[in-house]
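Colleague: Given chain A, work out where chains B, C and D should sit, using these hints.
Number of protein chains: 4
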Amino acid sequence: MPAANRLTGIYTPNLVAYDDRGNVNEAETRRYIDWLIERGVHGLYPNGSTGEFTRFTPEERRRITTIIAEQARGRVPILAGAAEANVRETLKACEYYADLGIRAVAIVAPFYYKLGPESVYAYFAEIGRNTPIDVTLYNIPLFASPIDVPTVQRLADNFERIIAIKDSSGDIPHMIRMIDAVRPNRPEFSFLTGWDAALMPLLLVGADGGTNATSGVVPEITRKLYDLTTSYQIDEARKIQYDIVRLFDTMIYSAEFPEGFRAAVSLRGFQMGRGRQPLSDKQQTDITLLRRTLQCLLSEHGFVDEPVGGCPVGSADVTSTTEVASIVQTVVAELQKPGMI
Amino acid sequence: MPAANRLTGIYTPNLVAYDDRGNVNEAETRRYIDWLIERGVHGLYPNGSTGEFTRFTPEERRRITTIIAEQARGRVPILAGAAEANVRETLKACEYYADLGIRAVAIVAPFYYKLGPESVYAYFAEIGRNTPIDVTLYNIPLFASPIDVPTVQRLADNFERIIAIKDSSGDIPHMIRMIDAVRPNRPEFSFLTGWDAALMPLLLVGADGGTNATSGVVPEITRKLYDLTTSYQIDEARKIQYDIVRLFDTMIYSAEFPEGFRAAVSLRGFQMGRGRQPLSDKQQTDITLLRRTLQCLLSEHGFVDEPVGGCPVGSADVTSTTEVASIVQTVVAELQKPGMI
Amino acid sequence: MPAANRLTGIYTPNLVAYDDRGNVNEAETRRYIDWLIERGVHGLYPNGSTGEFTRFTPEERRRITTIIAEQARGRVPILAGAAEANVRETLKACEYYADLGIRAVAIVAPFYYKLGPESVYAYFAEIGRNTPIDVTLYNIPLFASPIDVPTVQRLADNFERIIAIKDSSGDIPHMIRMIDAVRPNRPEFSFLTGWDAALMPLLLVGADGGTNATSGVVPEITRKLYDLTTSYQIDEARKIQYDIVRLFDTMIYSAEFPEGFRAAVSLRGFQMGRGRQPLSDKQQTDITLLRRTLQCLLSEHGFVDEPVGGCPVGSADVTSTTEVASIVQTVVAELQKPGMI
Amino acid sequence: MPAANRLTGIYTPNLVAYDDRGNVNEAETRRYIDWLIERGVHGLYPNGSTGEFTRFTPEERRRITTIIAEQARGRVPILAGAAEANVRETLKACEYYADLGIRAVAIVAPFYYKLGPESVYAYFAEIGRNTPIDVTLYNIPLFASPIDVPTVQRLADNFERIIAIKDSSGDIPHMIRMIDAVRPNRPEFSFLTGWDAALMPLLLVGADGGTNATSGVVPEITRKLYDLTTSYQIDEARKIQYDIVRLFDTMIYSAEFPEGFRAAVSLRGFQMGRGRQPLSDKQQTDITLLRRTLQCLLSEHGFVDEPVGGCPVGSADVTSTTEVASIVQTVVAELQKPGMI
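Residue numbers (this note's numbering), protein chains in the order written: chain A, 1 to 341; chain B, 342 to 682; chain C, 683 to 1023; chain D, 1024 to 1364.
It is possible that some hints are incorrect.
Below, a sample of chain B positions facing chain C; criterion: calculated Cβ distance under 7 Å [what the hints assert, rightly or not]: (1) I513; (2) P528; (3) V546; (4) Y573.
Covered stretches of chain A (chain B as the covering partner; in silico rule of three or more C-beta atoms under 8 Å from a C-beta of chain B) [unchecked claim]: (5) 54–66; (6) 135–147.
Taking lysine-lysine and the DSS-like style, the derived pairs with C-alpha atoms no more than 27 Å apart in a straight line are [what the hints assert, rightly or not]: (7) A:K92 with B:K565; (8) D:K1115 with C:K774; (9) C:K921 with B:K565; (10) D:K1247 with D:K1262; (11) C:K921 with C:K906; (12) A:K224 with A:K239; (13) B:K565 with B:K580; (14) D:K1262 with A:K239; (15) D:K1247 with A:K224; (16) B:K580 with C:K964; (17) B:K580 with C:K774; (18) D:K1115 with A:K239.
Just so you know, these hints were derived from the structure itself, not from any lab. Note that CB positions come from ideal geometry on N, CA and C, so glycine has one too.
Bound conformation, chain A alone:
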């Protein structure tokens, strides 16, 4: 595979807009895709965790990818989530996406059941042997069976159709160990991270890019962070990374994932509709408060106007950061309990 064709840069795990009846809003989703491409994301990633892939039927997942492929018209490559109920169904999805002409699929390790390394290997091996399209492994130990370093190495060594891994653990030594284990035999293998809060340091230790949910909200900033970091403008990149952490934390810890991201995208001018996971009254109130915080964060960068009544400044900012930090502690701990780091 030519190096030019490697997966690098920022792939947006795009959200899907809904209409009033809870169906996919095609027109608004297409408008959103155009907007993302125009703001510089390197690729698109439908059917990711941010895209709520588990909440769609198999037919809807195919339809969403088709819409995005049509709309992108080859302007950027597409990485499509292809995990289905079992290997046979997943391979059927791979065939469908191959026919659509997309760049590669991403397949999350089996979830619900927590499988050990041998089973995870056997699952991806059967896919690696039979896939008609390049495959990206997707490791998200928070939600699915972990793919450990020796398993990544065995799969990379044995199946040339497996060309990349997207890792959402956010664990930097883990990334170093993967790269160290895989690159000697597979120098063109790609390493992408899904953990925005550590994008800069992960790129600096050797990752090739990211599938970062913040790029669906502030594609300009995530792209800028990528460019500054890969050109070693460390002090400038660090400043942006801190901003991304603040924004990411606010979106991910103040509401049930990915509702915070949906709220933020609506501030950028899109009608996202109500998500498929019902929200309690209390949660809907929380999201109204979150919108205000997000509007302040986005207005600092000139993306939107300040909310009516203005935003806190100076030390107030610090307080706000601290409040979020308190939530972060609790929620991160909660989320990472099953983690593999």
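Modeller: Same frame as chain A, but now just chains B, C and D:
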């Protein structure tokens, strides 16, 4: 609801037999269902975790329940797993199962994403408001978002169609707290446990029954444990509980769940076929070894002949127990990391 | 060892009273010990987790045990916590306690560092080879390196001076596995539980007794639960077990351990003084509220008068249980997480 | 406090050498301290986790710090671990170390009991109010109660004697959140990391230095990594970081901590003696194997000769890395789990 109609006793979370092409083997599954009913299980539970519900398509899940309802012909009540991709799809499944005439559905809390209590409440509340069939909550914090005690209480207080909870945490104080919180307002609410290794003590502290995977392998023994325990024959029950722990541990920790259970059922004379999760060569060898251990355990109770070459006795038994114990420590710890206990 | 000398029954992990300067209040501690013995506890257990052993100097730990041995004057046996900084120091403490004439020591697995099974075995093996006094292993995986089942079995098989285990995991299948592994070779080995919320079911599956913190607060009730359970008065025992769960949860989850127990003991009429772990202003307010809740729980059993203003009744009780349940969920999760990584 | 006096650079959490009877080997410890200083470490850190502080008596901890202070003779600053059984004892140690003229103390959050944020705050607040010497908070959630971001911020805002935090979580977004919360009010506050496997990226996101156990083994390399990273020689630094991960993983995951580090230091020419935690026969054999692996890693950098028989090359290296990775997965998971409940 008349007390006579409460969910009590042992519901078997039945496995599904596969044919050579990996499809549902209807004839063998029907034969297995008859066998279970004849051996005294109080009810059947298709589309549970033991039944690998996530590895089937939505159409297959409906078909499996239909087969089992047809075969049971009202001899025992059926509790059918009805969780689908989102609330709308789950409610469609509830309607389908209501039309089939089954007793109740069981719905696992949302999985993949780990949702907090407010979201879990909102999810089940929307189901509770709209379901045409009685609903059993299914709490399995190992695999899905936990349903905590206050959420169980809120749901029980507000939705009369929610009539029971199946709890697979295995945590006894947690069961006590649930019963203590729910029974004052809902004296007929049922509490079932899915954790065979603590069936006797859970019944003694107040649970009404269980959905226990061992009852799919040794229905005679699980039923006997239930009868001895509920009639307070403590010393006799304890002895059976110890046997169940040995058997359960061997099946659950020596192979990827539920392969150990499949291996054991095949020893009882059923052609279960190969499961849908691929196994590595090493895993297939492990299962061959496991079959031998299981054959020895089952032969002690006269269910099958000893394997050729015989079984270890005396101190050898202890060693074998210890080896399993060592596996148990590791795997239980691993499995319970995300737990909610 | 004669069976008559086995460790059975309820050993109270007694608190220590402090004076105004934060030193041990000998007179009040002696008065408390008398009170416990008069109310029927089978034994005493200084230097346990409830007794805050880590917050004393080595000299203070020896002094506390001496006071209690003097005061007990042989009326009940004493099990003394003997864990010190390393094996050598621990063995010196064992010698000291042997000279005091106490029944046995309890030694927690090494803590701070989380050691694996080989290291835990090596640690207790060196103690088992050299101790002049009977040793009880102390497994509390929440706070110290876990002692897994194969390790308990190896130690029991190899060292006759190791005569018991106190297990505070609260995990019932784990207790079954331990008993199943150890009893064939060591029928007189004792199994004690430190988890009050599951005392009844643990006794019913085969445990010999408990070292239960509630017995330091309501020795009458814990003793009654033990008597009812061991005589198989199941329905009566269950009711008491539910009461103990409510009381235990309130004490353990409404304040930093063991402050809730200190507050409750002070309601029984003892001047416990301020603990050695500083409390914030907010925590001191919380304990004032907790005292009121505890006073209501204790007044239901006639141990103390109702607080001025009275206690909630009926549905209010349920609410209170639910509120505690909510705290329980959060705090248990908090306690069981590995940290913040 | 003048910026020139801030804690920055690499502080070595030094091991302690033992003599044949298990006592501190003063002469060899002094020789080791000289060797470290000559190789460029910026400071020394006795009574850290690497230095096995919990396995010494209070008197031994004071003695060790005195030896090191005497030997350093002001050539480098000393950060001394001062945690004792309770606040009063800890403050006495602070006074002792202040009299010794060392730069600052490091105090780990309370351990054994897992305390919540309010208690952790109250503990350090009482220390902050009364300490006669600068205090570094020590956050190591693997072993002790976590110090969360809002607590760090409250302590930094309120107590000027608290001047730094050593964080061993290895979590990079956590470091970013701490710096973001604390620096606005305390620009001179220092942030040190104890997680060698992420030293480079942590420095790049803003940390000031580290207390890194690898610097006790290869002070030349850890110092070089620090210098390359802080001068933004990214490609060169990354290569060293990868080497450090390999070495760190080998030492930390192939033997019970800190035995791997002791084995490595002995390869550098010091008689470290047997540690205080007993090792089983199997563990002693494992360390012999580990020594060989370490000797190969160290010989690659010219620090020692290759072992007799030579070292693996090329693909063998990869294998070796993978084997360690496999151990890492298991052991990290093991370390991070809450226990066996």
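Colleague: Of the hints stated earlier, which fail here?
Modeller: 2, 7, 15, 16, 17 and 18
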